[in-house]
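Each protein sequence line maps, in turn, to chains Y and X.
Residue 218 is where the first sequence starts when you use the working numbering, and the numbers rise one by one after that.
Residue -16 is where the second sequence starts when you use the working numbering, and the numbers rise one by one after that.
Please keep in mind that the hints were generated in silico from the structure rather than gathered at the bench.
Don't be surprised by glycine CBs; every beta carbon is placed ideally from N, CA and C.
Just so you know, not all the hints are guaranteed correct.
FRET-style restraints, in silico, Cβ to Cβ [stated by the list, open to error]: (1) X:Ser24 with Y:Arg433: 50 to 60 Å; (2) Y:Trp437 with X:Glu283: 44 to 54 Å; (3) X:Glu351 with Y:Asp358: 43 to 53 Å; (4) X:Arg131 with Y:Cys529: 20 to 30 Å; (5) X:Phe415 with Y:Gln230: 21 to 31 Å.
DSS-like mimics (lysine-lysine), calculated; alpha carbons at most 25 Å apart, straight line [claimed, not checked]: (6) X:Lys243 with X:Lys0; (7) X:Lys243 with X:Lys417; (8) X:Lys380 with X:Lys428; (9) X:Lys448 with Y:Lys544; (10) X:Lys458 with X:Lys448; (11) X:Lys417 with Y:Lys544; (12) X:Lys133 with X:Lys206; (13) X:Lys448 with Y:Lys278; (14) X:Lys306 with X:Lys212.
To spell it out: a stretch of chain X is covered by chain Y in this simulated footprint if at least three of its residues, at any positions, have a beta carbon under 8 Å from a beta carbon of chain Y; those stretches are [unchecked claim]: (15) -11 to -5; (16) 238 to 249; (17) 348 to 357.
These are the residues of each chain, in order.
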Amino acid sequence: MTSPHTRQPDSVQRIMITVLVALLPGIAAYVWQVGAGILVNLAIATAAALAAEALMLRLRKRPLWITLSDGSAVVTAWLIALILPSIAPWWLTVTGVLVAIVMAKHLYGGIGQNPFNPAMAAYCAMIVAYPALMSQWPSVDGADFATQVHLILGGSREIDGITGATALDAMRTGLRNQNDVHSILGTGVFGFAGGRGWEWIAAGYFVGGLFLLARRVITWHLPLGFIVGMGLMAGIFWLVAPESFPSPLFHLASGGAMLAAFFIVTDPVTGASSSLGKFIFAAGVGIIAWIIRTFGVYPDGIAFAVLLMNICVPLINRATQPAPVGKRKSP
Amino acid sequence: MALNSLRGGIEPDAHKKESSETPIRHVPLPSRLVVPLVQSSQESARTIITVGDRVLKGQCIGEAEGAGIAIHAPASGTVAEIGYYPMAHPSGLTSQAIVIEPDGEEHWITYEPLDPATASRDELILRIQASGIVGMGGAVFPSHIKARSKTETLLINGAECEPWITCDDRLMRERASAVVTGSAILAHLTGARQILIGIEDNKPEAIAAMRAAVCDMEPVALKCLDADKITVIAVPTRYPSGGERQLTRILTGIEVPPDKRVTGFGVQCFNVATAYAVCRALLHGESMVSRIVTVTGNVERPGNYETPLGMPIAELIALCGPKPGTTRILMGGPMMGFTLPSLEAPVTKGCNCLIAASAELFPPSEPEQPCIRCGSCVNVCPIELQPFEMYWSSRAKNFDSARQYHLFSCMECGCCAYVCPAHIPLVDYFRFAKSEIRARDEEQKAADQARARFEFRNARLGREKAEKAARMAAKAAETRAKSAGEAALIASAVDRTSAAARTPRDRQS
């Protein structure tokens, strides 16, 4: 037996459980504002992820229990459930989970080895494959729980009146139709910062993120990098032409921005390693996501931005290799 | 005084109270003392006694060779044997040792004390070497070599940051005055203008005792350095604050690169126990024949024991009453120490702590899981390395990459493995990669040497051939010139004769 002979009682499982706990405020806000349908989706995604993980571990002849119980598959499942529309049919969620666990995770060698964020890979695959279903978001005061469950279980999709444009969608459409930001924000879709109702979910993710920071599961470089990246781009354009570009606050409170800042760019496996590298990685995601939102064809560009920055990670790591103590160049 | 913070580091359970609350106890002499000839990181000593000789306690039994140090009889008695014995080393390899059977009389041989104020510097340093003094913090580097190099600031290391170990704590509490005197003498030898004594703040009694000792310094110490040049500093308790480079950074702010020695930065660092030994050797003429060993963990009577060097570890442990469930004995602390392969090994100068480990106190490591790059290891690395990158490279046997991630700057403090949530034995991977790289470098060196030899041989053969050819050519040219000369001579002679012969004929014709 070799040194050190003593270990801190910590585990991958504890980290993953902390992440799940940190998601609870956002999920609670989701249930409060949009309805309890999200819970059904979370359950479906969790079951699918655990089944897929177990299957892949069996096929790859890996020890089953130690990886299945580490919680990483559940985190991926919850993130997928939270980024897909909560009235998406069950098979869409399951397909997304399979893409994440089977293709993005295990085909690359399992936990720790995957270059691409599994949840983001799933989102991109789904939005390319099922663009219509992926754009049907429940409106804040639309469907009751029974209707939501009916839709999730694959019932006929009579969705008039229960879906609504998301804040990002409404803003895009309004700007395309030559309206100015101020008048667009006057419509009923918007609340005090982002989408009415949805901004509370974003606030929930923010609170959960602060919890992760406090528990030192994540460092500040990633969320701040994302916020600075997206906020800076939005801020510059907003200051120059406030009638054509919504404010940084709108961008950060809308879509998946808060979830991305604290739960998605913070995936350690697919991110950069050094503190500076983390900041650059997250800022890059924020910048690209803003560009896609503003000039691209997809309403929210975070998933594509994350995959693009995943590709850059080896380069970032090489460029930001920190010097050990005493080796720093004098300032 | 403003302290610099240690970068990274961890705060494991200290487990100091188990052994720190009882005074230092003396150990009864065992029936045999096994004194290895190698007691430092340098050359082994040369035996100057034979089997059957009677020796006194403190008598030199092995003379210093080269940069090595002398060794001494830890008790009066008879030399029983000179043979090979297992040593306290992870490899369990044997080493040559002198076995002494104590007579129980404890007759000392003390050498003439030296007065640092009047004795020459060379004399004092030679005495340190002849007294067998090495770094007592565990590195066992000969102290006379360090004392010889001049420095600005002298650091005295009383941090004792490893959990469980309390031998320095007890030494400072009980013998602070001698520690301070030894420190002042070391400052005198190295020309240091100030002494900074760093002690972790979980040892308030030791800090108080040392501060009192500085206020009330011995006259002999005051001749070496003024009391106001000595500062006792409480440093925050955070492993590995007691690492030489870490303590240097905390106390002086100087960041020493991993490939440089602290000496090059005007700093020299000695352990408190080393300073104590210097005081005993110079002012009392006592060679180093014992050390304080913390025995703790799963034993009935944990504490600090003044142990004669050469005492078999098994006997020391037996005195402390190992409890059932003891599975192995650790030497050193739990962070950087190792499991003793044999308890027959003797207590040596670097043996600061023995921990009886049980499954309860030191539960076996949980199964290793894949690295998720969470970065916990990066946050705690005191050298600001990226342990997980070194791990990925080492695991893939991509040793060039591991080296680029500064593998050789790693001091194996174990912080990374301590915090790793995936329970990866990171330090093991680093040791493996280092040994592989060293082996490969050796091979490369051997191959380079072979090639150089081969090329030199070819060059030599070529040169010899060329020289031979040149010699041959010169000889040939000489021969040609000679024969040409002869020919010319003959020719001219022939000409002359023929001319002479012809002339009359011409005339005739």
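Checked hints:
no. : hint                               : verdict
1   : X:Ser24 with Y:Arg433: 50 to 60 Å  : 39 Å, violated
2   : Y:Trp437 with X:Glu283: 44 to 54 Å : 49 Å, holds
3   : X:Glu351 with Y:Asp358: 43 to 53 Å : 51 Å, holds
4   : X:Arg131 with Y:Cys529: 20 to 30 Å : 53 Å, violated
5   : X:Phe415 with Y:Gln230: 21 to 31 Å : 27 Å, holds
6   : X:Lys243 with X:Lys0               : 36 Å, violated
7   : X:Lys243 with X:Lys417             : 18 Å, holds
8   : X:Lys380 with X:Lys428             : 20 Å, holds
9   : X:Lys448 with Y:Lys544             : 52 Å, violated
10  : X:Lys458 with X:Lys448             : 15 Å, holds
11  : X:Lys417 with Y:Lys544             : 20 Å, holds
12  : X:Lys133 with X:Lys206             : 18 Å, holds
13  : X:Lys448 with Y:Lys278             : 67 Å, violated
14  : X:Lys306 with X:Lys212             : 47 Å, violated
15  : -11 to -5                          : holds (count 3)
16  : 238 to 249                         : holds (count 5)
17  : 348 to 357                         : holds (count 9)
Consistency note: the structure conflicts with the earlier hints numbered 1, 4, 6, 9, 13, 14.
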